[in-house]
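Spelled out from the first residue to the last, the chains are:
2 protein chains.
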Amino acid sequence: MKKLLTLFLLILFLQTTQAQDYIDYVNPMVGTQNMGHTYPGATVPFGMVQLSPDTDTTRYELNGSYNSEVYRYCAGYQYDDPTIVGFSHTHFSGTGHSDLGDFLVMPTVGELQLDAGSEEDPSTGYRSAFSHENEIAEPAYYSVLLEDHNIQAELTASNRVGMHRYTFPQTDEGHVILDLEHGIYTYDEKNVWTFVRVENDSTITGYRQTNGWARTRTVYFAMKFSKPFKEYGHEKDDNGVYRGFWGKFDESKNFPEMIGKDIQAYFNFDMEEDEELIIKFALSSVSTKGALKNMQTEVPHWDFDRVKEESQGLWNRELSKVDAETLTKEDRETFYTALYHTFLGPITYQDVDGRYRGLDQNIHTADGFTNYTIFSLWDTYRALHPWFNIVQRERNKDMVYSMLAHYDQSAHHMLPVWSHYANENWCMIGYHSVSAISDAYIKGSITDDINRSLTASVQTARVPYYDGLEYYMDMGYVPEDKNSSSVSKTLEYAYDDWAIAQLAKKAGNQDVYDTFMERSTYYENVYDASTGFMRPKLSDGSFKKEFDEMDTHGQGFIEGNAWNYSLYVPHNTEHMIELMGGKDRFSEHLDSLFVMDIDDKYINRTEDITRDGIIGNYVHGNEPGHHIPYLYNWTNHPWKTQERVRMIMETMYSNGPDGLPGNDDAGQMSAWYTFSALGFYPVAPGAEWYAIGSPNVKSARLNLENGHFVIIKTENQSKENVYVQRLTIDGKDINRNYLNHSELMNADTITFYMGDTPNKEWGTVYPK
Amino acid sequence: MKKLLTLFLLILFLQTTQAQDYIDYVNPMVGTQNMGHTYPGATVPFGMVQLSPDTDTTRYELNGSYNSEVYRYCAGYQYDDPTIVGFSHTHFSGTGHSDLGDFLVMPTVGELQLDAGSEEDPSTGYRSAFSHENEIAEPAYYSVLLEDHNIQAELTASNRVGMHRYTFPQTDEGHVILDLEHGIYTYDEKNVWTFVRVENDSTITGYRQTNGWARTRTVYFAMKFSKPFKEYGHEKDDNGVYRGFWGKFDESKNFPEMIGKDIQAYFNFDMEEDEELIIKFALSSVSTKGALKNMQTEVPHWDFDRVKEESQGLWNRELSKVDAETLTKEDRETFYTALYHTFLGPITYQDVDGRYRGLDQNIHTADGFTNYTIFSLWDTYRALHPWFNIVQRERNKDMVYSMLAHYDQSAHHMLPVWSHYANENWCMIGYHSVSAISDAYIKGSITDDINRSLTASVQTARVPYYDGLEYYMDMGYVPEDKNSSSVSKTLEYAYDDWAIAQLAKKAGNQDVYDTFMERSTYYENVYDASTGFMRPKLSDGSFKKEFDEMDTHGQGFIEGNAWNYSLYVPHNTEHMIELMGGKDRFSEHLDSLFVMDIDDKYINRTEDITRDGIIGNYVHGNEPGHHIPYLYNWTNHPWKTQERVRMIMETMYSNGPDGLPGNDDAGQMSAWYTFSALGFYPVAPGAEWYAIGSPNVKSARLNLENGHFVIIKTENQSKENVYVQRLTIDGKDINRNYLNHSELMNADTITFYMGDTPNKEWGTVYPK
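Top line first, the protein sequences correspond to chains X and D. Residues in the first sequence are numbered consecutively from 0, following numbering that gives the first Met the number 0. Residues in the second sequence are numbered consecutively from 0, following numbering that gives the first Met the number 0.
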């Protein structure tokens, strides 16, 4: 018995130790400085709540015109800011446009202030100065000292419940502000309606309804305090709107229905020195009843530390899917933070009972799957969803079902383009759901419902009024005089169509396969041999005359110039290279891309591109280029891919607040890193192969969901030894420069033999 | 077999004949002229849809200030207007403030116009001239020729589905406008959000969310056309609001999501000469899915005539509950139209599956009852709910359960004051739910859950922040310097408290009985013996110095002056008369009331009081006076009640468009008539007795829900013979001037013997 107990304690000890391991290597501050657009707050893997500090009030419009500063606040937090406005419950991670920031909560002491006040003088409002020295950010835990109020603020979260623990000084003027006007990318008309009900002396419910990036978005909440407030009240700017009280009430104080366009509520408390006030704050897309049920189910107690521990345990479990050894501590933190970032979204979008608000604004029940939202597909189809096909196969299957549910609910009969919270925001181009879906079937994450998926994909690719698609279908390209960014659209449609064809092949549908393989060649129609670039064509069949291959505006591209975007034929790189003059010519072209100068004027005018993310004219800070470093594999110089990839990992990513070269883009930027760090990358999702690069880990054990594990190891690894000399799978030499998915998933050990000079004989066979 | 068939056909014939009878006596136009505020359109008894023409765009505010004209349009339709704007699906009947008018549909021909245009020149918009000659209004059926478009419009409705049949001329420019900006009592900020989805080539769904009288109100719809539209589109004023399209779409045409604050959509059709276009338009408070289910369940077919026939059958069934013979055809039409008006509301407020949006904005299921909304209780507790306790006992029980559900969902823990569509609009004063509930128990319409009802009533009567209630509880009256209309509030609280006491007595709760009987005497605290009127008292205990007993403003009353309102102690009229100097003094006081002059200045400044509804200084056109004509029963001159009541029925009500003396007030004005026409009136709901007046029917058979029927008959009835000579119940003489509820309900025959001179010996025993 004693032995058993010892064993039990040992296991417990080992588990606890292990449970602490991975989260220690994550720095949620990575990407919070400059344009990473990540948030440092508390969330669980793929969690519905992202409870995080906001450091500005982030208005999209000021005095009726666009506020260029707002772009820095896509995730609410900027590392260099001196004040915290409060803690809101929903945040995108790494997006390039924004929304959310729902339900700002802020504890204060002293005179009641319902405006946030200014950064220059936080005493003008409820916001507070803070210092990074008094700040801790861990997965599922965030803590900061709010200096102006002498309140220690701590945050943690379960999937659907944010938990706040505020340690107050002694005061009879303690307040908790609940600001429903606050939001990310707000403007005067952003709030459609806000609604707060005081259910009893410690329970609040309500909702915030907004338009904006999401046209019609409603999030419901339930909020409970660990002790009763002594009084409460609210202000709103739209006092004129409601006309029903007949002078019966002073609705501003202790009136339990606070309703209008921009409710700013407060709750007052007497607090003892060091007394803790705990708040549970649950979300729901369905109703306040749903939020209360989420709270009661997930966090029925008031034990903050228990929620923190359980949620950090969830993180450890997910992060343990890759047990990586790296050359340096910095690399390890960079890797695990990237891994962390790839597991932030898409987020869970259903209540504990499976119900969620669908695209048609009706309540649906996710039957047999977990419903997810935040599909930033122009970004995430590239590497994030492929990454999930290795380490989050179950979730990726459910994400496919979530996309199909979106399709079923779509008035357009389309799969999601960029969807969040029961809305299609139509951001960016293409219909890349089809890529994510196709890749999931090709890689076996999902096997059922293939015909349903194929029908949805085909139908999506045939919506005539979508973004130049009718022209594309009729003419084989999008004409720039009919629809802008026409080259980018043509190229991406062509790739997407190829992905549909792969799905059709898997489904055994030859007709669809043939049709979409034909469409997948349409990239040829925008190649201009005279310049060697993809180039916008007009509806009369001629190329657009004025053409600046360095510019990202008005040249037929979007968020990328001709130098970068012309290289986008991931499904037929070999043919693209032929068009562009053959392997050697192409290799030189790539060399030029990485070393040429680019004028500031081209950078400054594009939101998503900053100097941080650029090497020569290669833009790593934005997605259209992510596959480019791997394209040397199709030339006679695959070792240049190895070199570039290591250089990008070394120079563009780090473990500090400025550790991302651009928006993390819902995990895509980080997924590029997690793939590359392991030595390969999915250049063409929907294909079975990964292009080999150069791993920067010493080793990594992939703990797959089916119980099998794969060890990726290196020999002779170092910062200098970036060149692959030899590659073996279970001891068998592989001389091609790609790896098939089934090989990866079934291998026991994949070994990279590294060296400081290229092995020019190795890896000359590329994927076709 | 042949005999059986003959019998069957005979029964069918009789039923059909009978089925046509009662609706023929109803003129839905009654009250549409001047200030009756009724609507002429199609609805079923207590139906959720009220599909009716609107003749103006009824803006509550014009250029930021109150539009006094709007008051004429509380129900959307004014008889004297020359044009129809369109047909909207929700209407109050007879209210004194307004809302609704959701989902205006208008068929047009020719150039597309999305504005309503002006009354002076309807060709400036989609509205059309019309003539009463080409107009038919029946229960559940309305028809009109839209002259500008040469379209014959017909409307009918089931409970939750409005049905339109439009017969077009030949045109390739046929349109159906769906205007979600339109509403009753609209203003710039009235619409919170509107949402329209084109589900397929003939099905539309969506919702309209408003604030206003209802603070947060959302109504969902589903709309189906009998043939596909050829194209569609929309306009909205708030084009700046939504920022998400990135130039991808022209959302104004054939874009299936039309979203914004004020969508005006159109659907285009090619129509042959005399081709019918039928529209089914279902409502739901839950969701568009709920609306579709309502449609599919109630009207799965396209047979307009069948819906009309079935719904008119429902009306006949309800109207047959009183089979009245009258002296004249006009009286018969007046009576059945009044009966019709008493059966319009409260309206059904749940989907076919029992689900509805509750006061907390969550979705609830009515379990074991039908949920109703539109409780205009300051009006309807007086006679409408008592009327239901005779002829709609099942429904009234469900209305009590609906009020209890409201209580359960109320953040204030209050029963409804004036509630509609999941909102408390707080209109007028008192907490008269307690009267309606108490009366329902006293009269046995409901027996279960009495303690639940008592708790809800007591709790409601103790909400300290409600409308002076804390003062009332503390000081025994509402002080005018703390809360205006203080006398009206004090008097009505005192009566309501008496009603609670009656419920407590029935429940056997002596404590509550004693407490509330004590509170029910508080009317004494505002009686001013020096003037003989109830008079506003200040918080220092003194009466307010300036006092104009003719004025309705600033004198401590609301919608009534001291002359009328001082007579409001329905639960202890005997004591009130003592206070006021005894029976003879009081009888003279009443005489004065009915003959004195009142200056126009007092009338013009009160919305709810017009010359039409006034006799001397007695205001029948508004509720505070409705019991007054019956008060002679407590004097030595009960025959004056008989005289006055007959005079009021004869002069204030008729069968024409101007046939109501003021707002029908959700049926209260008509319930006064139906009671009075039968010869009695519930002066103090919650008491078992009815005060005897003077019936104007020749006879009436009350077909009770339990199968028993009561014949009320008269002998020697005529227009002149207004005085009751003798009253018998089943042959037994009754000399008191009241009738108990149980006597009424169990009687076989009640006979009034009438004469042209008072029988001053009869009826001197009054209720105590």
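Treat the hints with care, since some could be wrong.
As the list makes no split between identical chains, a pair holds if one copy fits it or if it spans any two.
With a cut-off of at most 20 Å between alpha-carbon atoms, the simulated PhoX-like pairs for lysine-lysine come out as follows [as the list claims (entries may be wrong)]: (1) 712 with 697; (2) 247 with 481; (3) 639 with 252; (4) 718 with 226; (5) 320 with 247.
Keep in mind that the hints were calculated from the coordinates and are not lab data.
Hint check:
1. 712 with 697: within (6 Å within a copy, 104 Å between copies)
2. 247 with 481: Between. Shortest inter-copy distance 11 Å satisfies the 20 Å Cα cut-off; intra-copy 59 Å does not.
3. 639 with 252: neither (68 Å within a copy, 51 Å between copies)
4. 718 with 226: The answer is neither: 55 Å in one copy and 71 Å across copies each exceed 20 Å.
5. 320 with 247: Neither. Shortest intra-copy (61 Å) and inter-copy (40 Å) distances fail the 20 Å Cα cut-off.
Of the numbered hints stated above, those contradicted by the structure are hints 3, 4, 5, listed in ascending order.
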